[in-house]
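Please model the entire structure based on the sequences and the hints provided.
Heads up: the protein sequence lines correspond to chains A and B, in order.
Note that my numbering has the first sequence beginning at 1, numbered continuously upward.
Note that my numbering has the second sequence beginning at 1, numbered continuously upward.
A couple of the hints might just be wrong.
Where chains are identical, the list cannot tell them apart; a pair therefore holds if satisfied intra-copy or between any two copies.
Claimed, not checked - Distance condition first, Cα-Cα at most 30 Å in a straight line; then the derived DSSO-like pairs of lysine-lysine:
no.	residue 1	residue 2
1	Lys20	Lys153
2	Lys282	Lys370
3	Lys429	Lys345
4	Lys153	Lys429
5	Lys153	Lys282
No lab work stands behind these hints, which were simulated from the structure alone.
Protein chains: 2
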Amino acid sequence: MKPYIEMTDEELNEELVQLKKEYKKIQALGLHLDMSRGKPCQDQLDLSMAMMDVLNSDSDLTCDDGTDCRNYGALTGISEARELIGDMMENNPKDIIIYGNSSLNVMFDTISRAWTHGIMGNTPWGKLDEVKFLCPVPGYDRHFAITEYFGIKMIPVMMTPTGPDMDVVEKLVAEDEAIKGIWCVPKYSNPQGISYSDATVRRFARLKPAAADFRIFWDNAYGVHHLYDDNQDYLIEILAECKRAGNPDLVYKFSSTSKITFPGSGIAALATSPNNMDDFTKHLRIQTIGHDKVNQLRHVRFFKDIHGLTEHMRKHADILRPKFEAVENTLEEDLAGLDVGTWTKPLGGYFIMFDSLPGCAKDIVSRCKKAGVVMTGAGATWPYGLDPNDSNIRIAPTFPSLNDLKSAIKVFTLCVRISSAKKILADRKEAA
Amino acid sequence: MKPYIEMTDEELNEELVQLKKEYKKIQALGLHLDMSRGKPCQDQLDLSMAMMDVLNSDSDLTCDDGTDCRNYGALTGISEARELIGDMMENNPKDIIIYGNSSLNVMFDTISRAWTHGIMGNTPWGKLDEVKFLCPVPGYDRHFAITEYFGIKMIPVMMTPTGPDMDVVEKLVAEDEAIKGIWCVPKYSNPQGISYSDATVRRFARLKPAAADFRIFWDNAYGVHHLYDDNQDYLIEILAECKRAGNPDLVYKFSSTSKITFPGSGIAALATSPNNMDDFTKHLRIQTIGHDKVNQLRHVRFFKDIHGLTEHMRKHADILRPKFEAVENTLEEDLAGLDVGTWTKPLGGYFIMFDSLPGCAKDIVSRCKKAGVVMTGAGATWPYGLDPNDSNIRIAPTFPSLNDLKSAIKVFTLCVRISSAKKILADRKEAA
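What follows is the structure, given as structure tokens:
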């Protein structure tokens, strides 16, 4: 087929008649399919059911260092968990704090702490007239929700295929002391699925922020979430790079096992410099007596070591790879050559990013919904939900079964086509 | 023996010679005993080991309402956990949020939220010139640590055998808008082990605070932690009483299973009014995607219902009762008639409170330490660690084995006697 834009009004109208017939047929099916959130599917969850067996009433719940995991103590986590997660995050166990079940919660608390107590002796953010964060866009809506909740002004910075536009990042952080942070999902990014290039990471580690309390919020949520054995993204380890660059305190790095074992019942972690660590533990010591050590031990005994965890992730990949490929194939089959959108082909992570013609994203998502397919809300990938082009859509292929996913993505491409054809016709009418 | 105060200098000096001999003997034993924290002992932890068996790889981890506990969702907790904890807290499940592993963390976050966002539309506390909390004393050091961390001015209010001095509480909250909260451990209080009387709870529910955002922080940590089957304290349920009094939003009530199953691996909960609930969930929705539902399910399937939990608590009582009685008996045997201190005889909870002669607490604790017995730091039961009489000592009998405890408390009474005799002699010398 030829690009829609090259079709005559008549051709487009004919196309629309066909598409709408298809749409009506699909509506009659009464689908209930959800591609909105980055949730593992049941088959993925089943991979970790054996973790429910590693501890039983005969188990000795004592750690290597003699700590009884069943009692209070070990504020920063048990040593074997810090070691395993250290291997996973590529950090020294001593630079790691094991938290509770949610890395998002750690990020929230980190900003809350900066707000009430300040970072390493600097003025609490709550006492400042204005606090700003750089938000690479498209990005992760739950990050933006945290900064919005604290009234932090969010400044979008465009993502490129190698990460955020570093010319802009370098310039802004250097000239504006009110800029206190930047949200990053550096590997298999949400929603693009791309990974920051070596040059990008190098430049991050060498930022010269005007604010002494500027921090990079490095949410490495998908660090080990590859789709392919032989074709993986490698990311420069940011803490080490910051240390080499003489900026050891520049970054907070977050991770969790949420999409490795069970979302909500995994373990979350922070890796950062000794100075930052002091800052975190001063706060943590008041906030809690400690996190769930039994669950830490359960994870360690389940995986044994980083090789065990890596093998476990290969099983996830076997489930997810066909789903990502199904989406990409359908997008290719149904949309290639029409010039109505572009999309990414990630090597890992949880998302595929779709960019429609300007002004179509909301309409596409709304049409999908009316046909029983729930997508992430259009605009969600931008701060305040405001996508200036109304073009960005996050596709989350993990949760539905492969069959459901195939149905859902067909509905999606159909809606993209309808919406695009209508938009082109409307634009022409307006221009006439 | 006769009261020390009635002894002559000579008699006291003779007594001291004997006591110091004993002390030297004990020091030679090289004891390492810990009565400092409210930690369950190993036998208590063993009671919950069967909880490690209730979920295994064949288990269906689906909730009654169809929620898969292994995936994201159920922000306020799974319905069966809210029901069980509702029965435990004597509250409607719909008024309950199940949190993570630590109620202290929920209290911290609650103050942090009030600090950054304010309570129910009121000015964030961080924007006020001064924020004050009433602190019933002696009280719980970790409560005081939170308020101190936020720079909240702590005002001590004396505890009586029926709870805080309500004349003072009523007066202060009515006249000072800067007073935003009060810390309470209403049942088997920390450290007294007493429970608030009906009149006290009634008066709490009828407080007329000057501040619209004043809240009672009702930490019902020991609600089901009885020592005796047939002799238990009953506490008026505060939420219901507040509702009856027309002050439904006055209280935040906290609890957890920390000292029921495993400290650090239990589940924590909040009970409060629908208005407060809205306030909490608005915040929670941004802070996290949800808490550990697998652990919630594990607890529910272990206890089955409130009767199961009650029977479980009887087993804790069987372990703890002899410990409390051993402490009380030794205090009685070694100190009765000497007029060198008073102590409580709780029917539940985790602590016995000892009050020495004024000016002796620090010395007693220090002497104990030098003989290998660690007590809670003297002063810890007062805000800022400042006990104006230097007389209050918290005894935590739960963690050591019964034999160790018996040795430890003998050391304690010995140190009380040494310290008291020396103090009386010193006072006389000074007066002379």
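Hint by hint, here is what the structure shows:
1. Lys20 to Lys153: Close neither inside one copy (42 Å) nor across copies (67 Å); limit 30 Å.
2. Lys282 to Lys370: between (51 Å within a copy, 28 Å between copies)
3. Lys429 to Lys345: neither (35 Å within a copy, 87 Å between copies)
4. Lys153 to Lys429: For lysine 153 and lysine 429, neither the intra-copy (38 Å) nor the inter-copy (68 Å) Cα distance is at most 30 Å.
5. Lys153 to Lys282: both (27 Å within a copy, 20 Å between copies)
The earlier numbered hints that this structure contradicts are 1, 3, 4.
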